[in-house]
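Chemist: Going line by line, the protein sequences match chains V and U.
Mapping the first sequence onto the working numbering, position 255 (from 1) lands on 256, and the numbers just tick up by one.
Mapping the second sequence onto the working numbering, position 105 (from 1) lands on 108, and the numbers just tick up by one.
Because the hints were derived from the structure by calculation, they are not lab data.
Owing to the predicted nature of the structure, the values given are computational and were not obtained by experimental measurement.
As a list, the in silico EDC-like pairs of lysine to aspartate or glutamate whose alpha-carbon atoms are at most 20 Å apart:
hint : chain 1 : residue 1 : chain 2 : residue 2
1    : U       : 173       : V       : 29
2    : U       : 407       : V       : 210
3    : U       : 407       : V       : 208
4    : U       : 173       : V       : 55
5    : V       : 311       : V       : 167
6    : U       : 407       : V       : 207
7    : V       : 325       : V       : 346
8    : V       : 276       : U       : 355
9    : V       : 322       : V       : 113
10   : V       : 301       : V       : 266
11   : V       : 298       : V       : 197
12   : U       : 173       : V       : 53
13   : V       : 194       : V       : 159
14   : V       : 22        : V       : 10
15   : V       : 348       : V       : 111
16   : V       : 322       : V       : 76
17   : V       : 205       : U       : 411
18   : U       : 173       : V       : 59
19   : V       : 311       : V       : 111
20   : V       : 331       : V       : 263
21   : V       : 322       : V       : 111
22   : V       : 306       : V       : 263
23   : U       : 173       : V       : 30
Interface residues of chain V toward chain U, partial, derived using beta-carbon atoms under 10 Å:
hint : residue
24   : 33
25   : 38
26   : 145
27   : 148
28   : 149
29   : 217
Ideal Cβ placement from N, Cα and C applies to all residues, glycine included.
Next come the chains, spelled out residue by residue.
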Amino acid sequence: MGEATNVTEVPLPQGGTVAVKPGDFRTEEMLLNIGPQHPSTHGVLRVVVRTDGEIILDSQVHIGYLHRCFEKVVENVTWTQVTPYTDRMDYLASMYNNLGYSLAVEKLGDVEVPERASYIRIIIGELQRIASHLMSVGTYGLDVGAITAFLYCFRDREITLRIFEEVCGQRLNYNYIRPGGVSGDLTDEMLKKIDDFIDYFLPKIDEIDNLLSMNGIFIYRTAGVGILPLDLALDYGCTGPVLRGSGLARDLRKDEPYGLYEQFDFDVITGKGEKGQLGDCWDRYMIRVREMRESCKIIKQALAKIPEGKFIEPKLLKNVKVKKGESYLKVENPRGELGYYIVSDGKKGPYRCSVRAPSFCNIAVLPEISRGCMVADMVVIIGSIDIVMGEVDR
Amino acid sequence: MIFGGTMLSNGLVFARYSLAEWIQGLLGDRLEMIPEWILFPLLMLAGCLVIIGFITVFALFAIWMERKVSAHMQCRLGPMEVGFHGALQTIADGVKLLGKEDIVPRHADKLLHYLAPIIVFAGVFPLFVVVPFSEKILISDINLGLFFVAAVGAVEVVGVIMAGWASNNKWSLFGAMRAATQLVSYEIPLGLAFLTIILLAGSFSMVDIIHQQEGWLSNWFLFHNPFMPIIFLSFFTASLAECKRAPFDLPEAESELVSGFHTEYSGMKFSIFFLAEYAAMYVVCAIAAVMFLGGWSTGIKPLEAWLADSAGNPMREVLSNTVHLVVIVTKSMFLVFVQMWLRWTLPRIRLDQIMHVCLKVLLPWTMVAMVATSAIELCWPGGNMVLTALTIVIWSIPLLWTLKAILDMTVGIFLKFVPSGR
Chain V
2 MGEATNVTEV PLPQGGTVAV KPGDFRTEEM LLNIGPQHPS THGVLRVVVR TDGEIILDSQ
62 VHIGYLHRCF EKVVENVTWT QVTPYTDRMD YLASMYNNLG YSLAVEKLGD VEVPERASYI
122 RIIIGELQRI ASHLMSVGTY GLDVGAITAF LYCFRDREIT LRIFEEVCGQ RLNYNYIRPG
182 GVSGDLTDEM LKKIDDFIDY FLPKIDEIDN LLSMNGIFIY RTAGVGILPL DLALDYGCTG
242 PVLRGSGLAR DLRKDEPYGL YEQFDFDVIT GKGEKGQLGD CWDRYMIRVR EMRESCKIIK
302 QALAKIPEGK FIEPKLLKNV KVKKGESYLK VENPRGELGY YIVSDGKKGP YRCSVRAPSF
362 CNIAVLPEIS RGCMVADMVV IIGSIDIVMG EVDR
Chain U
4 MIFGGTMLSN GLVFARYSLA EWIQGLLGDR LEMIPEWILF PLLMLAGCLV IIGFITVFAL
64 FAIWMERKVS AHMQCRLGPM EVGFHGALQT IADGVKLLGK EDIVPRHADK LLHYLAPIIV
124 FAGVFPLFVV VPFSEKILIS DINLGLFFVA AVGAVEVVGV IMAGWASNNK WSLFGAMRAA
184 TQLVSYEIPL GLAFLTIILL AGSFSMVDII HQQEGWLSNW FLFHNPFMPI IFLSFFTASL
244 AECKRAPFDL PEAESELVSG FHTEYSGMKF SIFFLAEYAA MYVVCAIAAV MFLGGWSTGI
304 KPLEAWLADS AGNPMREVLS NTVHLVVIVT KSMFLVFVQM WLRWTLPRIR LDQIMHVCLK
364 VLLPWTMVAM VATSAIELCW PGGNMVLTAL TIVIWSIPLL WTLKAILDMT VGIFLKFVPS
424 GR
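Let the hints inform the model, and build the full structure from the sequences given.
Modeler: And the structure:
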């Protein structure tokens, strides 16, 4: 019997046919939906990946499941009514969203901020950065399967949330930093509590290092995975820990200081490729852990020299007068550069308010850096970019 | 008399049905009116029921223990509401699972989907036939005990692949493929560890292996020569992978594959997978205890001699069996605890790395240790006190270091000031 008679032509989904002999395995690529309901997509991210077995050939990011028309809604409200909406964008760093918006409005409206309020903003903002990074580090542990690290981080984050609750009555969406200052003062008792927290928390960062960052399996999983070269990061407009992980010391708190950041002494952490290559997942992760130490440093300095005085002009709590014009202001959110572009027509509220969301820009690089990795790595890479879907979709 | 002797011979395989014989012996004359061919199967069935009861209670306890261990490692309390410190929580959960709807995906292969949990169950529970609890409390001492474990244990992977394939879900399929790669590969280091023990004991039988290790603690195979701890570590690692426990829980990696091969299972079918996992945990730990830690032996020679001297003293026999039962269960439970401890500490390994660990780390090391052990056994049959002393000295360094780390983590935490939440 001739060999040719046994060959069958099998059609391929992408067109054409392939010759299959008996005993041959016919393999084909598989489309896999990661998300929007998946435990490790940090919300409702949906990534459609084309896989060859466990190897990812290509991926496509689908967003928009959490779109709430932020930009349209805020056209119909007053200047002070916008802040609760900004809370709900990056819900893990609400304070910083408030801060960016308030600074943008203050810049356009020439609003004077009391010095005490500026210090409070820095203390609370850095505390928020710690809380946000703890969330990121903890859930990253969860992504690689280290559940205990996640709960350690949540235990400490809980303390910061309790401080926020005492400061403004809320645990997640604060509406605390308003145009013109902050909505409530920090009493001496609260300042003491924040100081105690920093003293308690610094050794706990070492605990996270021992348990997770320096764990052999963790390094094995994250080092050399999802490498983001610096030029690619710049091309895609990545900012924050994702950009610094690729080795560029870009931090708006240092480069273009806002608030009173120029008065504080801290280091900008950059990735060095210690465990694998420059710009891998471990670098991006480690930047967040190390930034928590820097945040503690800033809070300590701010607590030492916080002045007495007002925290807001009471009439500003009602509404702000903003003249006609437009302004753009960006701040260093825990996830990167958060920019507010505000247009005013001189009325009670913004004519237009557009947001440059760091997560939105950072997630765009995912298909580039996840090509050729395994399905398990995909989860690790998504975690290392640290997205918040509320901010991506707005 | 079909079952009259102590052995049931069937070609190569023969077995002693210890538990059934013991019950028969204890009840003695009172059962004489019942013909032996009825009585003996009945007694065997009774023995099986005792063991199945143990497994069920153990699984309930182990699930509660897992939740408590993880909770206390994570600064939580864990279940506290149902019963004393939540001891009855698992029963409450089990009742809830029983009442749940059994969902089969629309395009699933219904037959395979139905069969998969049964096969997984069938791959784990028969292992208890050879798992010894004491001299008398074991269902059957098969002369090919370890072989039986290796053979029956390998059935489980069929069920797992079936579950993943039949679910018609891509995540389940990934889980099944990972399970196939992982479980089959890790049987090799497992098998090499079995071989080493068989080489030392000269027998496949669990009871024989334990008898070889009686006497002082230094008779345990773990201390036989400096290479045995390597075999032990390799066996323990491979057994973690065989149980699909973290850091080798790739087939069900919840952060990657949602729930892996049992994503599409609900209700009682899901709980059978769960039960089988916990039962497998105990089995591998009990086998590790038998192979390396002297099984039921207390490691104190005079005590062992006193317990063994039970001729015409039924109370001493009962006492001896009780002590042995407690000893082997304690040893196994300690290893189960170590499994839980590792699960709640370590991140998960990736698929290619898991193969690297198996084929490039465990396999060569086990192979070297096995060859070295056989050479030593050839030179000094039955072991050598100098080698044992050397083993203890060499391996006490990492052991003490681990102990120090444990003490730092447990006692140290109480010594440190931990502020309560504010």
